[in-house]
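Student: Sequence:
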Amino acid sequence: IKEKKVITLNFIKRKMDEYERLEREIGKARQEI
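Just so we're aligned, residue 1283 is where the sequence shown starts under my numbering, counting upward by one.
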């Protein structure tokens, strides 16, 4: 059970990082328009 929780946390963290990167890309795109 403990290992699965760690995997889930790592998965969420990776998704959050991807989301932040997307937000930055969108922000850059908006400035260029």
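Calculated directly from the structure, the hints in this document are not laboratory data. A couple of the hints might just be wrong.
Taking lysine-lysine and the DSS-like style, the derived pairs with C-alpha atoms no more than 27 Å apart in a straight line are [said to hold, decoys possible]:
1) K1284 to K1297
2) K1310 to K1295
3) K1297 to K1286
4) K1287 to K1297
5) K1284 to K1295
6) K1297 to K1310
Distance ranges between label pairs, derived from CB positions [stated by the list, open to error]:
7) I1308 to V1288: 24 to 32 Å
8) K1284 to E1314: 40 to 48 Å
9) G1309 to I1289: 41 to 49 Å
10) Q1313 to K1284: 24 to 32 Å
11) K1284 to R1312: 41 to 49 Å
12) Q1313 to L1291: 44 to 52 Å
13) L1291 to R1312: 26 to 34 Å
14) Q1313 to E1285: 28 to 36 Å
15) L1304 to K1284: 25 to 33 Å
16) E1314 to E1285: 27 to 35 Å
We put the CB at the ideal spot given by N, CA and C, even for glycine.
Student: Look at each hint and say if it fits the structure.
Tutor: Hint-by-hint comparison with the structure:
1. K1284 to K1297: Distance of about 20 Å is within 27 Å: holds.
2. K1310 to K1295: holds (23 Å)
3. K1297 to K1286: Roughly 17 Å between the alpha carbons, so the hint for K1297 and K1286 holds.
4. K1287 to K1297: holds (15 Å)
5. K1284 to K1295: holds (17 Å)
6. K1297 to K1310: Judged against 27 Å, a Cα distance of about 20 Å means the pair holds.
7. I1308 to V1288: 24 to 32 Å: Distance hint for I1308, V1288 holds at roughly 31 Å.
8. K1284 to E1314: 40 to 48 Å: At 46 Å between Cβs, range holds.
9. G1309 to I1289: 41 to 49 Å: Once the Cβ atoms are compared, 31 Å apart, the range 41 to 49 Å for I1289 and G1309 is violated.
10. Q1313 to K1284: 24 to 32 Å: Cβ of Q1313 to Cβ of K1284: about 44 Å, so the range 24 to 32 Å is violated.
11. K1284 to R1312: 41 to 49 Å: For K1284 and R1312 the Cβ distance comes to about 42 Å; the hint holds.
12. Q1313 to L1291: 44 to 52 Å: Hint violated: Cβ distance 33 Å, outside 44 to 52 Å.
13. L1291 to R1312: 26 to 34 Å: holds (31 Å)
14. Q1313 to E1285: 28 to 36 Å: With a Cβ separation near 43 Å, Q1313 and E1285 fall outside 28 to 36 Å, so the hint is violated.
15. L1304 to K1284: 25 to 33 Å: About 31 Å separates the Cβ atoms of L1304 and K1284, which means 25 to 33 Å holds.
16. E1314 to E1285: 27 to 35 Å: Given about 44 Å between the Cβ atoms, the range is violated.
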